[in-house]
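As given, the protein sequences belong to chains A, B, C and D, one line each in that order.
The first sequence stops at residue 414 when you use the working numbering, and every number in between is there.
The second sequence stops at residue 414 when you use the working numbering, and every number in between is there.
The third sequence stops at residue 414 when you use the working numbering, and every number in between is there.
The fourth sequence stops at residue 414 when you use the working numbering, and every number in between is there.
Possibly wrong hints are sitting among the right ones.
Pairs count within a copy or across copies, as identical chains cannot be separated in the list.
[Stated by the list, open to error] Here are the simulated lysine-lysine pairs, DSS-like style, with alpha carbons at most 25 Å apart: (1) 34 <-> 286; (2) 297 <-> 87; (3) 87 <-> 286; (4) 199 <-> 381; (5) 381 <-> 34; (6) 286 <-> 297; (7) 297 <-> 381; (8) 199 <-> 87; (9) 87 <-> 138.
Since the hints were derived computationally from the structure, they do not count as laboratory data.
Treat the numbers as computed from the prediction; the structure is a model and nothing was measured.
Protein chains: 4
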Amino acid sequence: MLTMPIPEYLQEILDNVHDNTSGEVADYIPELKAADPNPLAVALCTVDGHIYSAGDDSVEFTMQSISKPFAYALALQECGTEEVFKTVAVEPSGEAFNELSLDGENRPMNPMINAGAIAINQLINGPDSTVEDRVEKLRAYFSELAGRELTIDRGLSDSELTGADRNLSIAHMLRNYDVIADDAHDAVLSYTLQCSIKVTARDLAVMTATLAAGGVHPITGKTLLDARVCRLTLSVMASAGMYNEAGQWLSSVGIPAKSGVAGGLIGILPGQLGIATFSPRLNPKGNSVRGVEIFKQLSEDMGLHLMSTEQVSGHAVRSITQDGDTTYIRMQGAMNFSASEAFLHAIVSHEFSGDTVILDLSRVLTFHPVATRMIKEGLKRIRDAGYSVAILDPDDVLPDFTFSDGTLCRQLS
Amino acid sequence: MLTMPIPEYLQEILDNVHDNTSGEVADYIPELKAADPNPLAVALCTVDGHIYSAGDDSVEFTMQSISKPFAYALALQECGTEEVFKTVAVEPSGEAFNELSLDGENRPMNPMINAGAIAINQLINGPDSTVEDRVEKLRAYFSELAGRELTIDRGLSDSELTGADRNLSIAHMLRNYDVIADDAHDAVLSYTLQCSIKVTARDLAVMTATLAAGGVHPITGKTLLDARVCRLTLSVMASAGMYNEAGQWLSSVGIPAKSGVAGGLIGILPGQLGIATFSPRLNPKGNSVRGVEIFKQLSEDMGLHLMSTEQVSGHAVRSITQDGDTTYIRMQGAMNFSASEAFLHAIVSHEFSGDTVILDLSRVLTFHPVATRMIKEGLKRIRDAGYSVAILDPDDVLPDFTFSDGTLCRQLS
Amino acid sequence: MLTMPIPEYLQEILDNVHDNTSGEVADYIPELKAADPNPLAVALCTVDGHIYSAGDDSVEFTMQSISKPFAYALALQECGTEEVFKTVAVEPSGEAFNELSLDGENRPMNPMINAGAIAINQLINGPDSTVEDRVEKLRAYFSELAGRELTIDRGLSDSELTGADRNLSIAHMLRNYDVIADDAHDAVLSYTLQCSIKVTARDLAVMTATLAAGGVHPITGKTLLDARVCRLTLSVMASAGMYNEAGQWLSSVGIPAKSGVAGGLIGILPGQLGIATFSPRLNPKGNSVRGVEIFKQLSEDMGLHLMSTEQVSGHAVRSITQDGDTTYIRMQGAMNFSASEAFLHAIVSHEFSGDTVILDLSRVLTFHPVATRMIKEGLKRIRDAGYSVAILDPDDVLPDFTFSDGTLCRQLS
Amino acid sequence: MLTMPIPEYLQEILDNVHDNTSGEVADYIPELKAADPNPLAVALCTVDGHIYSAGDDSVEFTMQSISKPFAYALALQECGTEEVFKTVAVEPSGEAFNELSLDGENRPMNPMINAGAIAINQLINGPDSTVEDRVEKLRAYFSELAGRELTIDRGLSDSELTGADRNLSIAHMLRNYDVIADDAHDAVLSYTLQCSIKVTARDLAVMTATLAAGGVHPITGKTLLDARVCRLTLSVMASAGMYNEAGQWLSSVGIPAKSGVAGGLIGILPGQLGIATFSPRLNPKGNSVRGVEIFKQLSEDMGLHLMSTEQVSGHAVRSITQDGDTTYIRMQGAMNFSASEAFLHAIVSHEFSGDTVILDLSRVLTFHPVATRMIKEGLKRIRDAGYSVAILDPDDVLPDFTFSDGTLCRQLS
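With the rest of the complex left out, here is chain A (with noise of 0.2 Å):
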C-alpha cells in the first residue's frame, strides 16, 4: 500500500512555522489566558471529503469567532436572506472585531463583528426560542458539518460572560435600535455559548469543506445548505471576515477566511477545499501568528489565491477534425460560460464541408446552465445550415439532447 505525501507535506509547512512563537494569547479571560500556546496543526478537507491534517490535529479549543460564518450560513439557510439582510448588512466596517458598528439604517455592519454575530446568533430558531434550544440547535448543526457530536465548553462560556461587558454593551444597544428583542444577557449567553462550541483543527476543515462544496457534506454527501447560502457567506467572509485587515488578506492570501481568538483560524476555497489552522498566539490584530503564517505559504505554494488568473478553463475545444464526411468536435473539462464561448467561437470560425457534424463529449466533466444553453445554440445553427448533428456524452453530463429550439437531437451510443 502507499503512503499519502500531503500530510508530509503539510508537516513540511508546520516545520517553517514552529518556531514562530511571537504573539500572546488572548489574555481577556483567565480560561484563554491559561490555554497552552503551544498547539500546532493544519487540516484540510477536499469537497470529496479527503481529510488531511498534520500536528496537534485532534486538540480541542473553542470555536469563538470561527463560529460567525457557520452561524451566518444556518441563520441564511433557515431564515432566508431577505430576513436576514433586513437585519445584518455586509459591508466592511474597517474595525476590530469587538466595536458595536452600525449602518444608516441602524443595522450591524456585518455578521463577522460582534454586533453582527449576536443578531444573526438571535435570529436562529426564531425569536420565541430558549436559549438552551437556540444553542442546542447550533450545536447540533456544527455536529452534523463536523460528523462528530461537538460539546460545549461551558466552563469556558461562564468565565466569558463575566467579562462580557462589551457584548452586553453591544447586546444592549443592538435591543435599543430594536435589531434584537430578547434580553440582553440571554441575547450574550446565547452567542457566547455558540462561540464556546469546541472543535479540532479536523472539524473545522470537515466543516469548512461543506461551505467549499456549495452546501453538500463532503463525506455524508447531504445537502446541509444551499448553494447560494454558502456563495453568501463566503462573499462576506472575502469582505470583511479578517476585520480592519481584510483587503490585506485578500490581497496577500486571496482565501476568504475567520479567525477566532482561541487560536483558530479557517480558509476556503470555492468548489476546492476547507482548511483550518490551530495555534493559540495571536498578533496585535487577534488572529493567529502561525495560522496566518501557514495560511500565505499555502496561498503562495498551491496556487491559492482566488484572484488567480490561471486560465482553469482553457482548451475546452480540444480539437475539430475530418473523417470523410463527418466533422468531430472535441470538448474537454468543464463546460462553463468560458468554455461554450470556446466552443461558439470555434464552429464560426470553422470552414465546415462534408454533411455531418459530432459533438464528442467524453472528455466533457460538468456543464453549467449558460454552456448548456450556448452548446445548443451553436448545435442548432449547424443544423439550420445543412448538417446532420449528433451528440457523443458517454457520461452522460449533458441533461438531455435537444436543440436550443427544443427538437430532438440525435445521440450516439
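Add chains B, C and D to chain A, keeping to what the hints say.
Chains B, C and D only, in chain A's frame:
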C-alpha cells in the same frame, strides 16, 4: 458561415434593461451634465481575445474612475509592490469615492478612492516627470491595453479642473502629509487628464481582459503585466472597487469591478474574461444604473460569481484500469492542487497488481507547480513500490519527466 | 404693605410664551409620554434667598438630567477634584445626551452626558455603597439644597429601567473600560433613581441659588459646597450643559444651564441668582421649548449674559479731594482687582501736597485678596513718600489695618 | 511722584514662570522655527485704558490665530450676525486647530478653527474685494484697535504660503461646499496675511481691552464695535477658543482666551480688562507653555475666573433710615437686576411711616435698564401707598425722574 449567438445573447440583456431610464447623469461639470444619457452598450473579451459586444459599443466616453485600476496596475508594475504599498493601503474605506480617507500611517485607504488614485498617479513615470510626460505614459499604456491609440478629452479635463476643488483639497492634504511631492494643481491636472482618456465599451473589455489573463494581452499576446500585479489589482477591485457598497456587490454580483461617473463599468473574471458596460445614468451611489443591472444578470445567468462553489476541478482522475500487467491511470482537466490530491488519493486507495503503471495525461490541460510536485511524488512512490512507471503526454503539458527525486521517468511516445 | 412687582414681571414673561405649544413631551417611556404637557412655571432665587416665581411653580416633575450638575458638585465635594477628573473629563462632546463618548484616556467626555453622569453617580458614597444608600445620599443632599424633603418617583424609575437599554449599554461599556466597577444594572438603577427625584420649579431655583452663591445655601446660610466646586460645576455647565448646542446657547443666552427631558431647565448667574423653568414640551434637541424662550427673554431683558461687558466695577475711586493739609481718597463699590488698579492709577497720577492722606472706605462693599494686597501696597508708597496715612472704615470691610510691609496703619474712628 | 506696583506684580509672575523652558517653538515653517524662543512678556489693559506690562513687552511677533477673534468681531460688525451665522457656526469642534470640521449645514464648526477663520476672512470687505484691499482693511482695523500702525510680516506670510497645504486643502473644501467663493489660493493668501500682522504683547492687551469694554476703545474712547458683537466674540472664545482643551481651560482658568502659534495668548475679563502674554515655546496642543502658566496664576491670584461666585452686587441697599416723617433709602454700587431686586425686597419688607420717602442715589454707580424699570415701579408703589417720593441723584446716574407710569417724580437738588 455560421453566425455567433453571443452578441444576440448580449443584445437580449440590453433589451431587458433598455427601458430603465432611472438615475441621473453626473452633473458636477457641464460637459458630463450635457452628455447624452441614452447610449447603452455591453462588451466582453475573453482571455483568448474573442470580443463580443452589443449596443452602442463604439461610443466614446471618458474613463473617469475606471482609470484607477489600470493606473494602479501600471504603478505596481513600474515601481514594485513595496513602494506602492508604502504609499497607498488596500483596505476598504467604507466611504464615497471622493472622500479624503487616510489610515494611521497617513496612507490613503486604497487606490480606488480619489485620494489613493491621485497618489498612485504621482508614482507613474517617477517623481520628476512632467505632467505631460506622465499623462502620455498613461495614455500610451492604456492605448497598448486597448489595442488602439486612445485620445484625451481635454475639453472635459479643463472643465473638470474648473470645479476640481474637492480633488485640489485632497491633493493639498496629501502634500501636507508628504504622500505626494508634486505641486497640488499639477497632481490634480495629471489625475484629471488620466480620467479624461476616452474609451469605448469594446476598448474597456479588451483592456480588462489583460487583467483577467494575468497580464498577457488577449490579442497581441504580449505580456504587459506580471500575474502578481493582476492578482493584486483584482484583489483591491474586489474589496474596494464599488465604494461603500463593496460588500453588497461582492455578495450579489461577485465580480471584481470598477465604475466611472461617465457611465462606464468594468468587471473581471480571473482567468476567464473582461466585461464592460456603458450607460451614463447613475444611481445615488454614483454607479451606472443599467450597468449594475447588466452585471447582475450576467453574474446570475452565466455563473460568473467569484464565490461560486461549482467544482471546477472535479473528476481529475478519469479512470484507473488494468490491462494485463499494466495499470492505466487516466487524468483529465487542469492539474491544480485539487487534481493532484485526487490523483494521490486514488493511488493510495488502489490495490495495484501487475508490474507496470502508465500515467495517461492526454486529457490534461495544464499543470500548476504544486500539482507537478505532488504527482511526481506519487509516481515515485509507485516506482518505489516496485512498479515500472511511464508517462503518456502527447500534448507535452508536463514540463519534464522526472520523479520527485530527480531521476528520469520513462515517457511513452 | 407694598406688593412685590417681580412676580408680576415673571408672569408677564410666562404670558408672552404661553401660547407656544410647539414641541413634544418626551415619549421614550410611557410615564413621560403621559405627562400633562401644559404646566408652565418660572422661579428665581437670589443668593440672599429671595424667591420669586410665577405659573405652576409647585407642580412636581422628575429632575432627569438636571440632576447631573448637582451630583457632579456632590462628587467633587466628596471625592475631590483629582479623583473626579481622573474619572470624567470636562470637554464638550458635541453630541446628543445619550451617546457613549470617551476620550483618549477612556474617560467619558464630560459629566453632562449620560456616560459621564453614570460614572459620577458611582463616585457618590464610595465604591462599596449599596444602590439604596447611594441614592439616599443623593436624595438627602438634594433635599438639603431644596430646603425640603424630596421624594423619588419610583414608578417612573421602574418604567425608565424597562427601556434602559441605552444606559445599560453605556454602563457595560464603562465597566469594560474600568470606568465603573459596580454591576451595570445597579449602576443604571442608581442613576435612574437619581434622575427620578421629584422637584418643583421653586425647588430648583433654590437648589441652583446655592451654586450661584459659591456653596452657601441662600436661606439656611449653611455652607454646602466649596466655592471652587461651584466654579467647576458652573464651568462644565457652560461648556457642555446644553449638549450639541452648547456654543449656540452660550452665544445667545450666556447663562450656564442644564435641561431635563421632563421639561425642567435651570440656569445660574454666578454670584447673583438661580433660575428654573418648567414646561414639558421639548424641541428636537430635547430642551424645553418654552423654557428656552423664557431664558432668552430673561437674558435679554435683565442683562444676565455672562459675557456682558458692562463695567460692573467702574468708578471705584469716587473722588480725591484736599482739605487743608489733608488729602481724602474716597473709594466705592466692591474692591476687586480692577478697583484696586483704579486706586493705584489714581494715586500715582495725583500730585499730593500737605502732610496727611486719608483713605475713606465708607462706600466700599467688599475686598478681594488681590485688592487688599494692592491697596496696602499703594498706602505704603504714600507713607514712604512722607505722608501720614489713615484709613476710615466705618463698616469694617478691610480685614486688618496694615501696610504691605506688615506695619500698622492708623485707623480713624 | 509715587511708583506703580502693578508692573512689579506682573514681573513677579514672569519671574515665577521664567525658568520653565519646556515646549517647542512652532516648527512648520522656517521663520517660526528660527524664532528666538526666550522672549517673555505679559501686559494688561483696563477698560479705562490703563496699561501695565512686564518683560519683553515691545517685542513684535505675528498674531497668527489670535487674529481670529478680532476678524470675527469685524465681520459681525460689518456684515451683521445673520450673514456671519449663516456662514460659520459657533459650536465647539473638539478638534485641533487646523482640522476641516463642517456641521450638518456645511458650515465650519466655529470661527476659531482654521476652516471657520478662512471663511470669516472672506466676509471682510465684501465678496468682490481684492486680497490687498481686504487685508488692508483688517490691518487698518487692527491698527485702530492697537492704537498704532501695525505692519505685516510679508516674509513670514510668504513662507507660510509655501507650506500652506493644509489651509489650501481647507480652502478648496470650503469652495467645494460653497462656503467661500474666492479663488482658494487668494483666500489662503488673504488669511495668511491676516495672521502675519505683527503686534507686541502691549498691542494685544490694548486691542483686547476694546472687546472687554463692549467695543469702546479704552484710550481713544471711540466706539469701534457694538456691545453685542463683543458679547458674541467673547462667547465663542469661551466655548471654542482653546481648541480641544476648551472645557479644561474654562474649568481651570475661566477666562475667554485665544492663542497663536507664534507664542501669543490673549484673555478677556468682560467689563474689566484685556490680558496678553508672549512666550514662543508651545505645549503639544499648540498653546504657549509659559503663557498658560501666567494665565492660571492671574486667574487664581486675581479672582478673574468667569464663574467666580463672589457677590459682585451685594449690599445694594446701604440703609433704610427714618428721620422725623422722612424715610431715607440709600442705594450703593451698580444697579443691575440683583440690586433692583434687593431694593424691591427691602421696600416690601419695610414698615413705612411718616409721609415722605427719599431715594438716595449718591453712592450709585450705574443703572441697567431692568433696574431702572424695577426701581421706578417700586417708587410708584410707595407713592400709590400715599407717600411723597423724591430722588436724590447728585451724579445724575438715573436717566430721567419718572415713576413707572410715566409721571414725574420730584428730584432733590
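Outcome of the hint check:
no.	hint	verdict
1	34 <-> 286	within (17 Å within a copy, 39 Å between copies)
2	297 <-> 87	between (35 Å within a copy, 20 Å between copies)
3	87 <-> 286	between (29 Å within a copy, 19 Å between copies)
4	199 <-> 381	neither (57 Å within a copy, 39 Å between copies)
5	381 <-> 34	neither (68 Å within a copy, 46 Å between copies)
6	286 <-> 297	within (16 Å within a copy, 35 Å between copies)
7	297 <-> 381	neither (48 Å within a copy, 28 Å between copies)
8	199 <-> 87	neither (30 Å within a copy, 40 Å between copies)
9	87 <-> 138	within (22 Å within a copy, 47 Å between copies)
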